[in-house]
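J.: One-letter residues, chain by chain:
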Amino acid sequence: MADSVTTADGKADRPVLEIDDLTIRLPKGADREHAIENVSISVRKREIVCLVGESGSGKSVSAFSVMGLLPSRDMAPVGGAIRLEGENLLEVDEARLRELRGARMSMIFQEPMTALNPTMTCGAQIEEVLTTHTDYGPEERQRRILGILEQVHLPDPPRMAASYPHQLSGGQRQRIMIAMALVLEPVLLIADEPTTALDVTTQAQILKLIKEIQETHDTAVLFITHDFGVVADIADRVAVMQWGKVVEEGTAEEVLQRPSHPYTRMLIGAVPSFTPRQRPRDPAAMVVLATDGLSKIYTGGGFFQKARAVHAADSVSIEIRKGETLGIVGESGSGKSTVARCIARLIDPSDGHVYLDGDDIARASTARLRQLRRRVQIVFQDPYRSLNPRRTVGASIVEGPMNYGTGAAEAMARARELMTLVRLDPGALDRYPHQFSGGQRQRICIARALAMEPDLLIADEAVSALDVSVQAQVLDLLDDIRQRLDLAMLFITHDLRVAAQVCDTVAVMHRGKVVEYGTAGEVFGDPRHDYTRSLFAAAPGRGFAFGGVAA
Amino acid sequence: MTSPDLVDSAAQAAASAERPGLLRQLSRNPSVVFGTVVLLVMVVLGLLAPALDTLDPAGIDPAWRNKRPGTEHTITLPSGQELEYVHRMGTDSLGRDLYSRVLYGARISLVVGLAVAVISIAVGLVIGLLAGYVRWLDGVAMRVMDGLMAIPGILLAIGLVSLWGAGLATVIIAIAVPEIPRVVRLVRSIVLSIREEPYVEAAISVGTPLVPILYRHVLPNTIAPLLVQGTYVCASAILVEAILSFLGVGIPPETPTWGNIMAEGRVLFQVFPHNILFPGVFLALTILAVNLLGDGLRDTLDPRMAKRF
Numbered sequence: 001m002a003d004s005v006t007t008a009d010g011k012a013d014r015p016v017l018e019i020d021d022l023t024i025r026l027p028k029g030a031d032r033e034h035a036i037e038n039v040s041i042s043v044r045k046r047e048i049v050c051l052v053g054e055s056g057s058g059k060s061v062s063a064f065s066v067m068g069l070l071p072s073r074d075m076a077p078v079g080g081a082i083r084l085e086g087e088n089l090l091e092v093d094e095a096r097l098r099e100l101r102g103a104r105m106s107m108i109f110q111e112p113m114t115a116l117n118p119t120m121t122c123g124a125q126i127e128e129v130l131t132t133h134t135d136y137g138p139e140e141r142q143r144r145i146l147g148i149l150e151q152v153h154l155p156d157p158p159r160m161a162a163s164y165p166h167q168l169s170g171g172q173r174q175r176i177m178i179a180m181a182l183v184l185e186p187v188l189l190i191a192d193e194p195t196t197a198l199d200v201t202t203q204a205q206i207l208k209l210i211k212e213i214q215e216t217h218d219t220a221v222l223f224i225t226h227d228f229g230v231v232a233d234i235a236d237r238v239a240v241m242q243w244g245k246v247v248e249e250g251t252a253e254e255v256l257q258r259p260s261h262p263y264t265r266m267l268i269g270a271v272p273s274f275t276p277r278q279r280p281r282d283p284a285a286m287v288v289l290a291t292d293g294l295s296k297i298y299t300g301g302g303f304f305q306k307a308r309a310v311h312a313a314d315s316v317s318i319e320i321r322k323g324e325t326l327g328i329v330g331e332s333g334s335g336k337s338t339v340a341r342c343i344a345r346l347i348d349p350s351d352g353h354v355y356l357d358g359d360d361i362a363r364a365s366t367a368r369l370r371q372l373r374r375r376v377q378i379v380f381q382d383p384y385r386s387l388n389p390r391r392t393v394g395a396s397i398v399e400g401p402m403n404y405g406t407g408a409a410e411a412m413a414r415a416r417e418l419m420t421l422v423r424l425d426p427g428a429l430d431r432y433p434h435q436f437s438g439g440q441r442q443r444i445c446i447a448r449a450l451a452m453e454p455d456l457l458i459a460d461e462a463v464s465a466l467d468v469s470v471q472a473q474v475l476d477l478l479d480d481i482r483q484r485l486d487l488a489m490l491f492i493t494h495d496l497r498v499a500a501q502v503c504d505t506v507a508v509m510h511r512g513k514v515v516e517y518g519t520a521g522e523v524f525g526d527p528r529h530d531y532t533r534s535l536f537a538a539a540p541g542r543g544f545a546f547g548g549v550a551a
Numbered sequence: 001m002t003s004p005d006l007v008d009s010a011a012q013a014a015a016s017a018e019r020p021g022l023l024r025q026l027s028r029n030p031s032v033v034f035g036t037v038v039l040l041v042m043v044v045l046g047l048l049a050p051a052l053d054t055l056d057p058a059g060i061d062p063a064w065r066n067k068r069p070g071t072e073h074t075i076t077l078p079s080g081q082e083l084e085y086v087h088r089m090g091t092d093s094l095g096r097d098l099y100s101r102v103l104y105g106a107r108i109s110l111v112v113g114l115a116v117a118v119i120s121i122a123v124g125l126v127i128g129l130l131a132g133y134v135r136w137l138d139g140v141a142m143r144v145m146d147g148l149m150a151i152p153g154i155l156l157a158i159g160l161v162s163l164w165g166a167g168l169a170t171v172i173i174a175i176a177v178p179e180i181p182r183v184v185r186l187v188r189s190i191v192l193s194i195r196e197e198p199y200v201e202a203a204i205s206v207g208t209p210l211v212p213i214l215y216r217h218v219l220p221n222t223i224a225p226l227l228v229q230g231t232y233v234c235a236s237a238i239l240v241e242a243i244l245s246f247l248g249v250g251i252p253p254e255t256p257t258w259g260n261i262m263a264e265g266r267v268l269f270q271v272f273p274h275n276i277l278f279p280g281v282f283l284a285l286t287i288l289a290v291n292l293l294g295d296g297l298r299d300t301l302d303p304r305m306a307k308r309f
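One line per chain: the protein sequences are S and B, in this order. One point on numbering: in UniProt numbering, the residue at position 220 of the first sequence is 220, and numbering is uninterrupted. One point on numbering: in UniProt numbering, the residue at position 36 of the second sequence is 36, and numbering is uninterrupted.
Just so you know, the hints here were simulated from the structure itself, not pulled from any lab data. Mixed in with the good hints, there may be bad ones.
[Said to hold, decoys possible] 25 Å max Cα-Cα, derived SDA-like pairs, lysine to any residue:
hint, chain 1, residue 1, chain 2, residue 2
1, S, Lys-322, S, Asp-455
2, S, Lys-28, B, Arg-28
3, S, Lys-45, S, Thr-251
4, S, Lys-28, B, Leu-26
Using the sequences and the accompanying hints, generate a full structural model.
T.: As structure tokens, this is what we get:
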């Protein structure tokens with residue numbers, strides 16, 4: 001690569017970043033020998049390369065190795081090279097690496113709240129980058145800070161510079177991170193799932209910003225994501241990783257439209273379609289759950305503060321019939337989980353009625369509640385925390401039935417049946433949760449909920465923490481169970497694609513209120529409320545037809 | 001529907017590799033090994049004191065006061081028998097054999113340490129669990145604990161001793177009470193974070209009543225930190241007992257405890273330092289052992305804590 005080709009406009013055509021045949025060792029006792037193996041990726045000027053893969057595929061390790069941020073004792077590169085503008089980063093010393101970080105290459109992270117220092121103002125944190133790498137005077141630094149804040153479209157830059165991270169919203173924090181990463185105009189920006197923690201509408205704005213800034217600054221971007229929707233929106237080229245190897249690489253169009261590797265096909269095939277699946281409804285089916293004006297008001301404040309009231313849920317009226325799935329979609333803070341918790345009576349509603357099979361349970365006493373609990377069961381979001389790590393999964397599954405007087409032997413026999421129902425090995429009942437993967441744990445949680453023989457199953461973001469291929473399996477399982485047991489299901493999600501796949505009716509929530517409510521066909525086909533429309537418009541990969549590729 | 005997925009063997013292998021047995025893990029930690037060995041030696045010395053060539057620790061011999069370590073002399077036992085005896089650690093200002101007193105003193109120190117740790121942890125655990133889990137109780141219990149913490153421990157001990165008179169039980173209670181608030185705070189903070197875990201919510205939604213939730217899901221999470229806290233309480237209790245005895249408000253002076261022996265020797269320290277040196281070394285070794293054991297336990301039971309340092 002010594003004789004770099006020079007193009008007509010005088011720019012060297014050498015890639016900004018070349019990862020060349022890189023292999024990184026994992027510590028002994030890990031599930032495989034190498035974190036990444038013979039990985040070669042290159043990123044050119046003005047190019048966005050997406051690194052896609054499921055959790056554990058090695059995509060973050062690749063990115064961190066470029067920045068020299070790997071825990072050196074546990075993970076060491078054993079072969080290959082990483083070249084930034086021709087300089088091999090594996091051979092330079094720590095001092096040179098520090099010089100390059102921030103100035104020539106920089107990184108933005110998934111969680112902007114934890115990546116920013118909560119005790120420093122945002123302006124001071126950007127200034128720190130400038131004082132470390134440049135000898136600008138105070139006025140010049142200030143001018144640059146305000147300039148970059150302007151460029152990332154933050155309103156009122158002087159006020160933003162004086163704010164602390166906790167005073168900003170998630171999207172604003174991510175903009176600060178981007179400003180910090182780009183203030184020195186690095187040639188390479190590494191973005192590690194920068195929009196995963198954000199709501200869809202914010203995500204769309206941040207993606208737009210990254211693309212815009214990257215174009216004006218000629219930055220090369222290595223963008224790590226697990227979301228094919230995001231890939232479709234932003235990528236010029238795509239590299240797909242599985243088990244530490246790059247299994248497919250090509251332009252975005254090639255990889256998304258004509259994936260050649262079976263793994264890529266499986267991944268793209270597992271992305272749920274936006275077109276709602278129409279199912280015939282039975283209008284005569286019994287109404288299992290109905291809420292009427294359900295409200296939850298949180299009152300804050302204390303002796304010394306003015307009391308303030310937050311309407312987490314405001315007059316929510318929904319209805320679910322036997323064998324049907326109602327989806328509540330909305331962004332974080334929209335009150336969708338509050339509604340689920342009120343229905344499961346994990347929190348007490350402030351006002352309104354919750355009818356379960358006709359009984360009002362909104363204000364049921366503790367004693368009556370105990371009998372009601374078995375009729376509503378809930379599957380939580382985080383499969384790593386919803387099972388007690390110190391108890392065998394069998395003990396977790398039989399806990400509920402045994403609370404209501406079922407004998408141990410009978411409960412275990414039923415647990416074995418349920419394990420088969422959720423497609424797990426019944427012999428695994430005496431294992432502990434840490435011996436299962438995320439998807440398997442989520443199935444165990446479903447089995448635990450089903451052990452109570454509920455009338456209503458609530459899935460509170462139950463597939464959000466799962467990889468897309470596992471998510472497809474769990475969705476499939478939930479649908480199968482709903483059909484077989486003729487369950488009523490309440491499905492809480494922020495993911496419109498998932499909602500389109502599983503729901504018969506959909507309620508869109510915004511700031512505690514249901515702004516749109518109808519059958520999935522109506523809501524997805526002809527959204528009436530402005531908020532619903534903006535939500536749909538923001539969904540990543542909207543214009544791209546996924547699911548057309550057979551796995 | 002396909003056949004049931006099997007738990008992948010890789011995950012299983014990794015799981016069994018990360019738990020090589022708690023005992024084996026503990027036995028590989030030098031702090032734990034050192035602490036345990038020293039403590040065991042102290043326990044054996046205390047228990048077997050009568051068999052280890054000791055005299056009556058309270059036996060006064062005015063003719064043989066303040067002898068230096070290694071002094072040999074013939075003593076007449078109460079039975080009239082004559083005995084050639086070496087005072088390995090010398091004698092104190094009343095002619096009592098220091099070696100015997102130090103060994104018997106180990107008994108009191110260890111009993112005080114253990115009893116205080118057990119009492120403060122048992123009481124603190126119950127209050128902490130309830131304060132952390134039962135909302136309305138939280139404020140009341142914690143303010144009482146704050147109040148208790150505001151009283152200096154030693155002053156409380158002095159007050160109780162002057163109220164009830166000196167004695168082993170009084171001293172134990174006097175030392176245990178000020179330790180309780182710290183245990184309560186620790187337990188409460190663990191409970192507050194565990195009660196928000198989805199698996200506790202899951203247990204509520206399958207109808208598990210309060211007591212089994214505390215017992216099954218919350219309590220097990222407190223055991224490791226409490227074990228560690230217990231060793232620190234134990235070490236500080238042994239020390240406080242020695243301080244109280246030294247100040248003359250602890251266990252009656254004729255009972256041999258390390259604090260009492262040092263209090264006795266304090267007047268003549270410049271001339272006969274052995275009176276303070278020997279019990280001091282035993283006390284320091286014991287405290288060191290208990291603290292090392294605590295550090296080692298913390299590192300082994302909670303690897304996240306260990307990596308931070």
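J.: Taking the hints in turn, state whether each one holds.
T.: Results for each hint:
no.	hint	result
1	Lys-322/S - Asp-455/S	holds, 8 Å
2	Lys-28/S - Arg-28/B	holds, 19 Å
3	Lys-45/S - Thr-251/S	holds, 15 Å
4	Lys-28/S - Leu-26/B	holds, 21 Å
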